[in-house]
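S.K.: Here's the letter readout for the chains.
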Amino acid sequence: MRFFTRTSIKRKQTLIITLTSGAALLLACLVLGTYEILAFRQAMVSNLSTLAEIVANNSTAALDFNDPKSNQETLSALQAEAHIVGAVVYTREGQIFAVYDRGDRIDRFVLTNDLIAMSDQAVM
Amino acid sequence: MTKVLAITGLGLWACAGHSSAADLSLSEYQVKALFLFNFAKYVDWPDEAFDSPNAPITIGLIGENKFGDYLVHAVEGKTIGGRPLEVRSIKGAEELPQCHILFISSSEKMVAELLKKLQDLPVLTVGEQDQFTQLGGIIGFLKKDGKIRLDINLKAARQANLKISSKLLSVADSVKGKP
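Going down the list, the sequences are from chains A and X.
With my numbering as the guide, the letters of the first sequence map in order to residues 46 to 169.
With my numbering as the guide, the letters of the second sequence map in order to residues 88 to 266.
Simulated from the structure, these hints should not be mistaken for lab results.
Don't take each hint at face value.
Here are the simulated DMTMM-like cross-link-like pairs (lysine to aspartate or glutamate), alpha carbons at most 25 angstroms apart as the crow flies [as the list claims (entries may be wrong)]:
| # | chain 1 | residue 1 | chain 2 | residue 2 |
| --- | --- | --- | --- | --- |
| 1 | X | K165 | X | E182 |
| 2 | X | K128 | A | E98 |
| 3 | X | K254 | A | E138 |
| 4 | X | K204 | X | D134 |
| 5 | X | K254 | A | E118 |
| 6 | X | K263 | A | E118 |
| 7 | A | K114 | X | D217 |
| 8 | X | K254 | A | E126 |
| 9 | X | K254 | A | E98 |
All of these numbers come straight from a predicted model, not from anything done at the bench.
Sequences and hints are given; from them, build the entire structure.
M.R.: Dropping the structure here:
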């Protein structure tokens, strides 16, 4: 505090202005950064939901008529989106019906009853 | 990235709510029965084919019934586009126009004559004989590698004034008469 009382008014003024604008800038950065992250997440979720909806809609006939091969073709259209590493279509019983896997990276788990119940609710 | 996967997986699950015929323990005729029911989801009949907006979709069976009770149970309580489904054994030719889907069993001998009679009526003819679609039938069941596949005659469907969804065509093994 002693440093502050002894310096000239000019320096005090500069210091105060620098500090306040610095604080304002930091705050603005934080707000903007948070907003960007939230907006990005939201956009990603809505994009992926749209894609999943489209794939789901195009998979109904393949499931109804037990044709995993044509479902595979539907899923492989996802390769246009480089960030999607994989997709799996399950039958009602939770068995794997068709898989799209970019570069062998995804876990192919069989759905358990808990998961089926959970996702049924999510769909509702 | 796991999050991305989880979301996609969840979305895709939406489609699995459909009755899938993927269960390997089903017999040939159980699969065919499910297919018959599923056809109704992918075919559009003209409005004249129904008496009222809530009139049932009738699945007619001609020849020997190899489904047992399974088909009746499979469609029981189900509705498609607000219409219930009913299964009926067809005894005489006068009952034919009341069907929306007609399954012609392999025991039936007069297939060509039957198809000729039906060609301009909005009846989805389904059969399991070889050459069924060549004879003018709309959907033929084929057996390939132990699986039931579909053979579709679009020209016959057009003549019968039926609209078959492109989704159904995409799972067919062969489609005749593409425009």
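S.K.: Taking the hints in turn, state whether each one holds.
M.R.: Each hint tested on the structure:
no.: 1; hint: X/K165 to X/E182; verdict: holds, 23 angstroms
no.: 2; hint: X/K128 to A/E98; verdict: holds, 18 angstroms
no.: 3; hint: X/K254 to A/E138; verdict: holds, 22 angstroms
no.: 4; hint: X/K204 to X/D134; verdict: holds, 21 angstroms
no.: 5; hint: X/K254 to A/E118; verdict: holds, 13 angstroms
no.: 6; hint: X/K263 to A/E118; verdict: holds, 21 angstroms
no.: 7; hint: A/K114 to X/D217; verdict: holds, 24 angstroms
no.: 8; hint: X/K254 to A/E126; verdict: holds, 23 angstroms
no.: 9; hint: X/K254 to A/E98; verdict: holds, 15 angstroms
Every hint from the earlier list agrees with this structure, and none is contradicted.
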